[in-house]
Every structure is written in C-alpha cells, then in structure tokens.
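Construct the entire structure; sequences and hints are all you get.
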Amino acid sequence: SIRGDPDVASAVAAIRSLLEFLRRDQSETILGLRENMTQAIRRLEETDSSVAVSSGGELFLRFISLTSLEHPDLSQCKNVMIERGELFLKKISLSRGKVGKLCHTFIKDGAKILTHSSSRVVLKVLENAAADNKRFTVYVTESQPDSAGKRMAQKLRKLNIPVMVVLDAAVGYIMEKVDLVIVGAEGVVESGGVINKIGTYQMAVCSKAHNKPFYVVAESFKFVRLYPLNQQDVPDRFKYTADILKTVKDLNQEHPMIDYTPPSLITLLFTDLGVLTPSAVSDELIKLYL
Amino acid sequence: MGDRLTASTMLQNEGKELTKEEKQRLRKEKKQHKKNKKDDKGPPEKEKEKEKASVPAPSKPATQSPAHKAAPAPVHASESAAAAEKPAKSKAELRAERRARQDSERTSKQGKKEGGQQSASSKPKATPNELQPVVKRLPEHVQVDDPAALKKLAKKLERQQVPLRSDYGYKVSLFSHLHQYSRKSPPTLQISIPATVIHPSIVRLGLQYSQGIIAGSNARSVALLHTFKQVIQDYSTPPNEELSRDLVNKLSPYISFLSQCRPLSASMGNAIKYIKKEISNIPSQCKEEEAKGKLQACIDSYINEKIILASEAISKYAIEKISDGDVILVYGCSSLVNHILCKAFEKQRKFRVIVVDSRPRLEGREALRRLVKKGIRCTYVLISALSYILPEVSKVFLGAHALLANGYVMSRVGTSQIALVAKAYNVPVLVCCETYKFCERVQTDSFVSNELDDPDDLIVTRNGKSHLENWQTVKSLGLLNLVYDVTPPDFVDLVITDLGMIPCTSVPVVLRVKNVDQ
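Chains A and B, in that order, give the protein sequences. Under the numbering used here, the first residue of the first sequence is numbered 1, with each subsequent residue one higher. Under the numbering used here, the first residue of the second sequence is numbered 1, with each subsequent residue one higher.
No lab work stands behind these hints, which were simulated from the structure alone. Glycine is no exception: its CB is placed at the ideal position from the N, C-alpha and C atoms. Heads up, a few of these hints could be off.
Facing chain A, a subset of chain B residues (Cβ under 7 Å, in silico) [as the list claims (entries may be wrong)]:
| no. | residue |
| --- | --- |
| 1 | A313 |
| 2 | L390 |
| 3 | D493 |
| 4 | M501 |
Simulated pairs of lysine-lysine, DSSO-like, Cα-Cα distance not exceeding 30 Å [unchecked claim]:
| no. | chain 1 | residue 1 | chain 2 | residue 2 |
| --- | --- | --- | --- | --- |
| 5 | A | K208 | B | K423 |
| 6 | A | K246 | B | K250 |
| 7 | B | K30 | B | K155 |
| 8 | A | K150 | A | K212 |
| 9 | B | K316 | A | K246 |
| 10 | B | K273 | B | K514 |
| 11 | B | K423 | A | K212 |
| 12 | A | K287 | B | K30 |
| 13 | B | K151 | B | K273 |
| 14 | A | K249 | B | K316 |
| 15 | B | K171 | B | K155 |
Pasting the structure below:
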C-alpha cells in the first residue's frame, strides 16, 4: 500500500500508517507506547530504506510527544497524541504546496532548467511556474539505474512543458546552456547538505564550476539528524535499498542509490519553513529537535 | 595630589587592606583632582573588571544592580573611564555633561542607596550620540601601547594592591598592543609575605600559570575553580557587610592578579562570570555557612557538568565519527581530544594517530606519551612535515581554546595552518569543544587579541651554541612567540559539542539557546 499511491511521498504514507498504528495500539503505558512506535518505525525503515521515512518517523514521534502528557488517564493521553498526529499529517500534506508556491517565483520567463531524476516536489514547482504562464524548458537526466528521469519527462510532457532527456554523463556538456539547477532531496542533513539520488553531487560540482545557482527543494519532514563528513560517511542503510541490504553479503559489489552533496555547493534550500541558506538549516534543526 | 599619593603609599607599605573610610577619602580626593584636570576623557562610567570589559552587556546589570553603600567604595572610586575609542566630542560639552552628572551622582549617593539608578543613568548618558545604551570598551590587555590605558591599569592595580608586571623585551610592531612578560620575573616577587590582600592559594595559582606549570584551557579553569572554592572556604563576612556583595568585591583583586600572571582565557572568563552570578544571587537572609556550602556545591556541579560530563558526551558523538582503518591527525595536546581517542580505543576501534608538534612548547610530546601509554599506534611529526603526511590522513581532530561568536575557532598557534592544509587536501576537519568555552567575542584575525609568550623561549641551544642568546642587543631583531591563532569557519567541517554535532556557523544559535536557559 505504500507504493500504491504514486502521488504521495513515501514518508507521508509511512506517517499515515504510523498514525493508524497509534490508533490501534494496545499498550498500557506511555513508555510502552513509545517503544511500540519506535519498533514500528524500524519495521517501516526495513521495507523502504529511504532517509525520508526515517526522518519523518522520528519527527512524528517527537511532534506527538512534545505536548504535556500529564493526564492521569492513558486513553486521554492517547487522544491528545492522535490529535497531534493528525495535525502533523495535515501539515506535511500541505508542505509540498507551500514549497511549490515559494520556489516558482525564482523561475524567470525563458529560463532553462536542469533537474535530476524524478522528484514530486520539483514537479509541483514546475507545475506552479507553468500555471503562472511562464515559458521555460527543462532538461532531465536519465538517472540510471532505474531510468527515473524518463518518467519525469513523461509527466512534464503531460503539462505541456518542453522537456529533453539527457544522459547522466552529459551533465557537464549541458551545464553551459542552463540557467539554474533545481533538484529534490531525500534527506536534508544537519550540515545543510542534502542526500539525493546518485548523480546529484556530480551535478552540484559542475554547477559550481560554471557558477550556476543550485537550488534544492525539500519538505521540512526530511530534515534528519545526520552529519556526514564525506560520501563514505553516509550510513549503509540509506545507500542501498532494503531488499539489497537483506540479501547481499558484500556491499562493496553493490552500487549505492544515493549520494551526499555538501552545503558549500548549494545556493539555497526551499522548504515549507521558508527559503533557507545551508547554514540556516542547522538553526532550524536545532529548533525542531531541541 | 601629593597628599593622596602619600596616603596610599603609606598604607601599601603597611600591607594592610584599605579601610572603608580611607577608601572614601581617596575617592573624594580623586574626584576633586579630576574636576580640576582639563582633559577630554570620555564620560565617567563605573570601573569594570578587566575581564568583564570583554564580556557583553547582559552581565553588567547583574553585577551592578546590587549596589550598596559599601559596595560603591571600589566601584565609584574609579571614574576615570578612559576608553581610547570614544568618539571625539567638544571639550566644553563633555565637561558640562560630566559636571552635571557628578553633581547628580553625589546628591543621590549621599542621600540614599540609589546605586542602581545611578548605573542606569550613567550608562545611557555615556553615549548620547549612539543608539545603543551600552558602550563596549576595548579590554585593557589589548591596549598596551596606549599610555592612557596603561596609566589607568596602574592606578587600578595600585588601588587593589596588586603588583604591576612590567613588559619585557622588544615587541614586534604588529603586536605592540599586547603584553609580553618574561618568565624569569614573576609578579609574585613583588608581593611581601605574608600577603594579606591576596589569598595565598591565589598567589600559588598565579605562579603556576605564569611559569606554565598549569597549561591548557580545561586545566586552567578547573584549577581556578578549585582555588575559588578554597577562597570561599576561608572567607568570613566582615560586620555590616553582605556576603553576596562583599565576596564579589573581594574576588576582583584576585582576578586582576591572575590576569597579571597570565591573561585570562575565554573559559576562565566564563567560569568567573558564572561564579559572580551565583554569588550575587545568594539571598541576603542566607546564613554564612549555608551560603558558603551552596557556593561550593555550585562550583562542583559546574565542573562536573560543563567539563567532565561534557567530555563524556563529546566522546560519544566523536566515536561515531571514527571508523575502523582511520588515520587521525591531532595537533598539540588537547585534553579533550586525547580523552576521545582513548575512549575510542577502549571501544575497540582500529585506528592510528599522527601527532603533529611545534616549537617552542612541544606539547605534542605530552599527547604522544598519553596515547602510547594506552597502546594506540602513533606517529610523530613536526608541523613542517604537514603537507608530506596529509595524503595519508583520513580525519583531523582539533581542540579549541574558545569558539567565537562568528564561528571562528581560537586555538593554539598552528591550528589554522593545519586546517588550511587539510582543506586543500579535502580531509575533513573536526573541532571538539565544550559549550562553556563559547565566547561572545567576534574576531576575524589573530592580531587583535592574542597572547605573547616569553620571547626567550625561542632561544635554542644546539651543539653548545645558542645563536639568539643576545637578541636584545641587536636593535632590528624581534622575537615573536605567539600563543593563539584564529581559524575561519570555512576550514572547519564539523564542531562536536556536548549539545551535539553542529556546523561552525551555528555557534551563535547555541549561544542564544544558552542565554535563554540562564
């Protein structure tokens, strides 16, 4: 059911199922409830090992417990938590729209945009820009090994936006033609860097070399408390899909699905908390988590 | 003028502390003298302790509001607030301002205990042309080439009966605004024994600082706090005085003495701020023994929380960043970094360490000794071999003396060089620092505020010959022995604090959160 609805982010679906789990949970104490929730989050991470699911789950847990749970009756506490959970869910369902509204003003008329792989948030942004009667062309990288870029191109064609699919190896070639680069993110880390589909780091380095702005669009539930120093510092459970982690013995033979882009290469991040510079991400994280 | 000098010198020779009446008399004479003197010094302000001058405004109201009839004694006595960077106003304007203010001050003081009102009225008047109500002055220790500031310091030390230490040797012109002392002439030479003004354990501590026996910011802070515990233990409130106000005043000459021995570090400054706040928060109805016990418990908990437990928390975070097969580079001897490496080794991580060292302190040898004793595989190089060794390194761990509010890291000289070369080789640089070392100062270069160590340390004897022995005779030769330098945040990838792992640019956020907590 998580892969069923293509328009919903996997993290949102995960949180929806967590909320349902909370409703049906039978534990007697708040501590037991929390333990069950953490276990549930871990199970979800096992099925879909994306950064967003893990960060979304943790934020959900924090959000619902961030209220005074001083009621003597457990069921009352649970109701409070469920209420907060629904509020959280509503907020994050709206977050994509907020990001789209913020970002589309940065796309000028006649712009040439480069994007990487398939991101629903970027799609929303481009949709908003097209609805605003702006003319622009989009270059999408093919993004192997799953050819997600081709799916993105199809969706954009449906919106009547001129789009061209380029090879992953052609990023350096195409960079001089484009005006700006917009990518989505699977996770935003504490340093202000992002974790995204493999090939994003390459694109960021190229855009820095050509002095093109590199924008990242992400919802706030993707903020995660990781701090990778370099590519190999990203934990293995995010780099590979869950089925590969379970079946394969030697991970060195496998190809990672994501990479880490350091904050020095990112110009701005568009989130539902506002337009942030990479250094402001840490401030926001401190506010969210502390 | 002559009368005042004889009075004060007579008292000093007796080695007794000035009584309240004598202090008041001195104060009146000084004020008379100042009224007659025609100079365009800035508007008078309350004399702040030297270390507080580099500390921001919020701390000032806390210590100045408990103004008391007796407390103004050392405070009002020094109205010679000569900040060198005051904007130039017309002399007549200043004089009129000052006279009006002195009149109002005198009437209010003689009438009631309205010290608090006076502090509020003097400070806004101090800067009529500036928007903010508080003026930050340059601390004395970076104004050594300004004779007015030196005179002010001399007067203050004379009043507190603390010996003034004189500078030694020729100073390189870029750093002529800093003190440069010689280890061979400690300030304790000028103190008579038994010293009744300065507590003996403070004298001992000052000597340990100036001779370099206690070095390293954590060690210095802990030693300072333990000594203060001893001072509080031996303290007894004089009659008609309140502990919360009198004890703070007793501590000021000690602090001046310690900063004469060796300039205070940022961590020591924060510790002193904390103690003063705790002391002034003691309620007046508290009995002496109870108050003393409370203060000692506060100090113990400060040491425990901010230093010991913080280093445990930092080790936990840091160990996550150490993976098997790592080659870690460390510089000098940082107690925190050594602790992290020892803990990581206990947790069975496989790594090896490269210790980089530099003259004249050669602190790396101490770090090497500690790590080898644990059984960690180490390599030892001098800093000149840095670019040779860096391609082998996977991570750099650095300690910090202080973290400034704009994200710059102040640490032992040589650190910024290591960070620069590591950046060029794309090696991640991690700085480990407890939050009590976070400082609200802002500095972008290593010149403005630094410490000059004894230049004679640079003299090296090899094969029986010491070439620099007679460096003082060569007029064009200056020896520079810097202690600290400042690393910009672009070179630092990660700062590990007890609050977690933060980027270097988030230091002001932590400071803000800390201030909210307090």
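Evaluated hints:
1. A313: violated, 14 Å
2. L390: violated, 15 Å
3. D493: Because about 6 Å separates D493(B) from the closest Cβ in chain A, which is inside the 7 Å limit, the hint holds.
4. M501: holds, 4 Å
5. K208(A) / K423(B): holds, 17 Å
6. K246(A) / K250(B): The given pair, whose Cα atoms are some 68 Å apart, is violated under the 30 Å limit.
7. K30(B) / K155(B): holds, 11 Å
8. K150(A) / K212(A): Between K150(A) and K212(A) the Cα gap is close to 24 Å, so the pair holds against 30 Å.
9. K316(B) / K246(A): holds, 28 Å
10. K273(B) / K514(B): Distance ~14 Å between K273(B) and K514(B) Cα, so the pair holds.
11. K423(B) / K212(A): holds, 23 Å
12. K287(A) / K30(B): violated, 53 Å
13. K151(B) / K273(B): The given pair, whose Cα atoms are some 26 Å apart, holds under the 30 Å limit.
14. K249(A) / K316(B): holds, 29 Å
15. K171(B) / K155(B): holds, 24 Å
Of the hints listed earlier, those the structure fails to meet are numbers 1, 2, 6, 12, in rising order.
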